[in-house]
Structure formats: C-alpha cells, structure tokens
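A.B. asks: Chain residues, written in single-letter form:
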Amino acid sequence: MENMIGLTAIAGAMLLSFGALGAAIGIGILGGRFLEGIARQPELAPQLQTKFFVIMGLVDAVPMIAVGLGMFIIFSNPFIDQAKENAAPVAVVQPVVAP
Amino acid sequence: MSEQHAALTSSEYIKHHLTNLTYGNLPGEGWKFAENAQEAKAMGFQAINLDSMAWSIVLGLVFCFIFRMIAVRASVGVPSKLQAAIELVVEFVADSVRDSFHHAPKLVAPLALTIFVWIFLMNFMDLIPVDFLPVAAQWVGVHFFGANPHEVFFKVVPTTDPNVTMGMSLSVFALIIIFSIKEKGVGGFAAELSLQPFSSANPIVKLLLMPINLVLELVVFIARPISLALRLFGNMYAGELIFILIALLPFGLQWVLSVPWAIFHILIITLQAFIFMMLTIVYLSMASEKH
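Chains as they are written, first to last, in the numbering used here: chain A, 1 to 99; chain S, 100 to 390.
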C-alpha cells in the first residue's frame, strides 16, 4: 500500500516530465521552422501563423493527455481502492470499557 | 451533523472540486445523487453528470440566443459593438472554412462556428474563481434541498468532464463517416480503409495486404476522435486543477500565481477551441475529397 502511493507519485511525475520533454522539443523545432518561413516570405505570415497553431495543437495533444492523466492519478488514484480491497483485513482493536 | 462544520483537508478540498454531481441508479439503493466518487463509479454507464449537462446546455442556449438576437437586429449602418464583435467571429470562422475546405457543404461553417463559440464559452467558465459557483450551489443545496454540504458537488466547466468532450468528438466522428460515405459511397469508403497505404495491381496480393492496411488505417481513423476529445479534456482538466491548487495557497500569495496563470489560460481556452474547430474542418475536408 505504501509502495502503491510512492509508485503513483513517481508515475505521475514521469507522465508529466516526458510529456513536457516531447512537447517542448517538438514545438521548439516547429517554432524555429515557422520563424525561418516568415523570414523567407514575410507576406505569408498570417497563413503560416494559422497553420503553426494547428500543428502546435496536434504536437501538444498527447503530452496534454499525459498531463491530464498524471494529475488524475495523483489526486484521485483509481488503484488505491483496488489495493484496499485486495489487502488483508487488519484486526480491529475494540476499546476496553471498564465495567 | 458535525461533518457539516468540519473543515476539509487539502486533498479532500481538491477531490471535492474534482467530483461531478452524478445522478444515477446505485445498485441496492435506487436512483439518487452519488455521495462520493466510488458511488458514482458503482452507478455505471447510465448515471448522468447533472452539472456538466446543465452548464453545457445553458451555455449552448446563451450562444444561440445572443447570436440570433444580433442576427435578427443586424443593421447595415453603424453596427453596435456586440454586433461588430460577432461579425468578427463569424468572418473568422468563414475564412477558416473557406481556406481549408473548398466547396464545403452548407453544414460545415455553422458547425464550425458552433464548435468554436460553444467550446470557448464552456472553457471560459474555468476563469470564474474556483469557489464562487460551487459555494452558491452548496448554499442552495443545503437550504432548499436539505443536502449534506460535503456532498453537493458542482463542477462548472463542462469541458473538464471527459463525457462532454467525448460526446462532441463522437458527433464529429459520425459526421466524418457520413461525409465519407456520401462522397465516396460505402464501397469507396471501405476501399479507402483497406487498399491504402500498401496497394498492388494483383487482386490476390490486394487481399493479402488488406489486413495490414486495415490495421494501419483504422488506428489513424480511431485516433482522430479520441485525440480530439482528450486533447481538449487534458488541457482543461490540468488548467482547472492548477486553479484549485492555487486556491489552496494562503490568500496573500494567491495573487502572485493566479494572475499570470489566468492570463495564460485565456490564451489556452481560445487556442483549444480554435484547434478543435480547425481539426473538425480539416477532418471533414479530408473525408470529402475524392481521389
């Protein structure tokens, strides 16, 4: 059970970090090409800007899904209930009441 | 009774703000509002998230009402500011449709406008401070319905509910299939899925390549609506969660973080609505092109 909580934290952190890594590199390359394109043909800037945002949305999609999923498992872990059901029941100590 | 006055811990506060108001048939207890997330899950598929449904319908009606009011009273002379703003939005959507989808059917531009403005309005609910509407709903629930205040959940941003985004993207998916079949026929649609990307002239080789083609094409085909839905959901859920986390900070410190995040979030909500609209237009145009 304690392992589960720690592993969930690590899993959430990995989801966020790898998504951020991929998104940053991808959008960085995309932005660089976009700026090159504008430098070559400034009159196409508005058209290129539209396409830039569309492609940025596509590149960002899976990292965003990963962010959503990471936040979800960190704050409302769906595995904890399963782990509770599978764990052996702990003996409950009844308070002794003096007669 | 003492639960009503006990303060929530941080993680309970976060969980409270991330739970939908679910109404469903709990096996063993009948039709009722779910008291926590486990009950909501036990209710199964036919449970309805009433807060998302209500807010998405209300915002859709607001959009229709405002746009219709302006359209009916449109003046060719000097327009009012609201009319100028709406004309800006409509022109923007019309240009996007015209640039990406040549000879679009009449359905596409109003569909794109609806998607853009409706998703923008639903996302905009995220900018309202986190506790305003849920506390008002809690007050209404306690005083008029006698509910336990800790069980009155109220998520005001419908697009943070994956049911809402999945519903919209499945509608777009259905339209993609309808447009494909209308343009290419059922045979053409099936051929497009099974004879690409590996093709050959020999009919026996064609038959052998069909399973591979189907797998590749179906993955791309199914990935479109799923990514459309989850992109919007992931962005909005993460944004709302960060607002909730900022709300947990001491009051003086909140302004330092929430102002930049809210300003950044204005860009995000507009961008996500725009991306959903553009991808809808692009997918529909790809579905309608003949070879």
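Just so you know, these hints were derived from the structure itself, not from any lab.
None of the values given here were measured: they were computed from a predicted structure.
From the three backbone atoms N, C-alpha and C, an ideal C-beta is built for every residue, glycine too.
Some clues are possibly wrong.
Claimed, not checked - With beta-carbon atoms standing in for the labels, derived distance ranges: (1) Leu44/A to Val358/S: 42 to 48 Å; (2) Met309/S to Ile38/A: 41 to 47 Å; (3) Pro42/A to Ala273/S: 15 to 21 Å.
Stated by the list, open to error - Straight line, CA to CA, 30 Å or less: simulated DSS-like cross-link-like pairs of lysine-lysine: (4) Lys205/S to Lys51/A; (5) Lys114/S to Lys84/A; (6) Lys51/A to Lys114/S; (7) Lys84/A to Lys205/S.
A.B. asks: Take the hints in turn and mark each one as holding or not.
C.D. replies: Results of checking the hints against the structure:
no.	hint	result
1	Leu44/A to Val358/S: 42 to 48 Å	35 Å, violated
2	Met309/S to Ile38/A: 41 to 47 Å	44 Å, holds
3	Pro42/A to Ala273/S: 15 to 21 Å	42 Å, violated
4	Lys205/S to Lys51/A	24 Å, holds
5	Lys114/S to Lys84/A	18 Å, holds
6	Lys51/A to Lys114/S	38 Å, violated
7	Lys84/A to Lys205/S	55 Å, violated
Hints 1, 3, 6, 7 from the list above are not met by this structure, while the remaining hints are.
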